[in-house]
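> Chains as they are written, first to last, in this note's numbering: chain A, 1 to 406; chain B, 1 to 121.
Since the hints were derived computationally from the structure, they do not count as laboratory data. For every residue, glycine included, the Cβ atom is placed at its ideal position computed from N, Cα and C. Check each hint, because a few of them may be wrong.
Stated by the list, open to error - Examples of chain B residues lying across from chain A (beta carbon under 8 Å, computed): (1) Ser2; (2) Asp88; (3) Leu92; (4) Ala108; (5) Glu111.
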Amino acid sequence: MTADADAVELVFRTEYPQVVAALVRVFGDITVAEDAVQDAFVVASERWRRDGVPPNPAGWIVTTARRRGIDGRRRATRERELGELVEATERGTDDGFEKDHGPVTDDQLRLIFTCCHPALRTEHQVALTLRLLGGLSVEEVARSFLIGEAAMAKRMVRAKHKIKAAKIPYRVPNEADLPDRLHAVLAVVYLIYNTGADDPDRAGLRREAIRLARALLALLPDEPETTGLLALLLLVESRASARWAAGELVLLADQDRTRWDRTLIAEGHELVRTCIRRDRPGPFQLQAAIQAVHADAKSVEATDWAQIVTLYDHLHELAPTPVAALNRAIAIGEVDGPGRALEELDRLAGELDSYYLWHAARGAALRRLGDATAGDEYRRAAQLAPTGRDRRFLLRRANAAVLDDN
Amino acid sequence: MSQYLLSVHTVQGDAARPPMSAEEMGAMMERVQALETEMKSSGTFLFGGRLHDPETATVVRRGAPELVMTDGPFVESKEHIGGFYIIDAADLDDAVAWAGKVVEAIGAPIEVRPFYDVSGS
Numbered sequence: 001m002t003a004d005a006d007a008v009e010l011v012f013r014t015e016y017p018q019v020v021a022a023l024v025r026v027f028g029d030i031t032v033a034e035d036a037v038q039d040a041f042v043v044a045s046e047r048w049r050r051d052g053v054p055p056n057p058a059g060w061i062v063t064t065a066r067r068r069g070i071d072g073r074r075r076a077t078r079e080r081e082l083g084e085l086v087e088a089t090e091r092g093t094d095d096g097f098e099k100d101h102g103p104v105t106d107d108q109l110r111l112i113f114t115c116c117h118p119a120l121r122t123e124h125q126v127a128l129t130l131r132l133l134g135g136l137s138v139e140e141v142a143r144s145f146l147i148g149e150a151a152m153a154k155r156m157v158r159a160k161h162k163i164k165a166a167k168i169p170y171r172v173p174n175e176a177d178l179p180d181r182l183h184a185v186l187a188v189v190y191l192i193y194n195t196g197a198d199d200p201d202r203a204g205l206r207r208e209a210i211r212l213a214r215a216l217l218a219l220l221p222d223e224p225e226t227t228g229l230l231a232l233l234l235l236v237e238s239r240a241s242a243r244w245a246a247g248e249l250v251l252l253a254d255q256d257r258t259r260w261d262r263t264l265i266a267e268g269h270e271l272v273r274t275c276i277r278r279d280r281p282g283p284f285q286l287q288a289a290i291q292a293v294h295a296d297a298k299s300v301e302a303t304d305w306a307q308i309v310t311l312y313d314h315l316h317e318l319a320p321t322p323v324a325a326l327n328r329a330i331a332i333g334e335v336d337g338p339g340r341a342l343e344e345l346d347r348l349a350g351e352l353d354s355y356y357l358w359h360a361a362r363g364a365a366l367r368r369l370g371d372a373t374a375g376d377e378y379r380r381a382a383q384l385a386p387t388g389r390d391r392r393f394l395l396r397r398a399n400a401a402v403l404d405d406n
Numbered sequence: 001m002s003q004y005l006l007s008v009h010t011v012q013g014d015a016a017r018p019p020m021s022a023e024e025m026g027a028m029m030e031r032v033q034a035l036e037t038e039m040k041s042s043g044t045f046l047f048g049g050r051l052h053d054p055e056t057a058t059v060v061r062r063g064a065p066e067l068v069m070t071d072g073p074f075v076e077s078k079e080h081i082g083g084f085y086i087i088d089a090a091d092l093d094d095a096v097a098w099a100g101k102v103v104e105a106i107g108a109p110i111e112v113r114p115f116y117d118v119s120g121s
């Protein structure tokens with residue numbers, strides 16, 4: 001049975017993360033692993049088109065790439081080192097790949113801890129994670145972050161150079177470091193999701209983040225925050241199709257709740273219940289719990305805001321970030337009225353004066369109080385907004401606030 | 001194993017760091033000594049020391065036709081390397097763990113920088 005070029009390309013793409021992770025283990029070097037996979041692709045695209053895709057394509061690629069990687073090194077390295085390398089690669093067998101290996105592997109888990117090592121800057125962590133764990137092409141990663149392909153390629157080269165030169169290890173951190181280091185990994189996955197959430201055209205990043213979160217949960221099922229992150233992403237994702245109308249943002253309060261995805265909500269709720277039973281709360285679990293309360297409510301008015309305030313109090317204790325404080329202030333407004341919200345918001349002025357959502361929240365509170373400055377506050381928010389969509393949305397709010405007044 | 005430079009950068013005239021009392025200085029020296037003993041007994045320590053002020057530095061460069069010497073540090077800057085360790089560590093995590101101990105001992109940030117691996121692997 002033959003396979004056409006597209007089929008070969010597709011299989012290759014699907015298997016890429018698993019295969020690269022396995023080869024990084026074998027060669028101990030990301031660039032060597034990537035080059036070996038590239039070589040294997042050339043061989044595969046010829047052979048698979050003739051003979052069809054083998055039953056275990058990942059195993060086939062690993063075996064071929066390993067052989068070619070060693071050939072490449074044979075030319076480049078001295079005999080003694082080669083002996084060691086061959087021995088090491090024989091020991092680190094790819095036995096696992098002879099069987100059906102499932103979607104995620106321990107190799108990928110090791111590699112994601114390398115990619116998200118805190119010694120790398122965040123944008124490098126994100127880029128490497130999408131390329132190596134997500135299997136996105138350099139061009140796709142570049143497009144997701146609105147920069148040129150050459151700039152993104154350079155970013156990746158620099159990151160890989162640092163990993164190699166500074167010897168950032170390929171391993172799951174020891175138990176003492178795991179919570180912190182895992183948090184860094186989860187934060188990268190969350191950032192990937194949010195980059196996709198800002199823009200309906202970048203839904204691919206959201207899918208990728210959810211896939212990574214599922215993979216992490218499968219590999220680290222006993223770490224409560226992995227459950228928390230997946231629950232959070234699923235619950236936020238359940239509202240995706242209600243978040244946008246005709247290319248414009250729709251706030252939670254105005255969303256058509258019948259369009260929320262009940263399957264995702266059910267799965268998210270189940271994960272949140274797991275977290276509650278386990279009772280080892282963390283920032284992602286608490287954010288998931290907050291989203292679960294929203295998902296439960298038939299309308300904004302029917303939302304259990306008191307419960308949400310309690311959860312934000314807890315979140316703010318564990319992770320006292322200005323954004324958590326901002327959301328807490330908004331929730332307090334829903335329980336105790338806009339006057340209280342404004343009090344809480346004004347206490348955050350020092351930290352959040354240049355953050356557009358702080359001004360938007362002030363605008364909303366002022367508008368509910370019938371204050372004539374609400375429109376100015378929304379306009380200030382619009383000036384600071386990161387995207388054209390946000391800006392248009394906030395300007396519409398500003399105009400609506402002015403209309404209230406007249 | 002890989003070699004790393006752990007360097008401490010002092011800022012001249014740094015008002016944020018008031019001068020230490022003799023007592024504080026003594027306590028710090030004790031912490032540093034204990035740490036160096038630990039570094040040595042674990043085979044981590046390769047070399048290290050505290051440097052004199054940057055004013056004591058001399059820069060040598062190729063002139064025409066002879067080498068010329070100039071008084072003062074290479075870069076006119078407020079920040080200078082105040083001292084350093086060269087350590088042998090398994091990987092960056094290991095090196096960072098040692099850097100953390102230096103930070104605890106001296107109360108200043110530490111830059112961790114890998115050496116080229118001369119064995120060529």
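> Now look at each hint and say whether the structure bears it out.
Okay, the hints, checked on the actual structure:
1. Ser2: holds (5 Å)
2. Asp88: violated (12 Å)
3. Leu92: Holds - the Cβ of Leu92 of chain B comes within 8 Å of chain A, reaching about 5 Å at its closest.
4. Ala108: violated (19 Å)
5. Glu111: violated (12 Å)
Violated hints, listed in ascending order, are 2, 4 and 5; each of the other numbered hints is respected by the structure.
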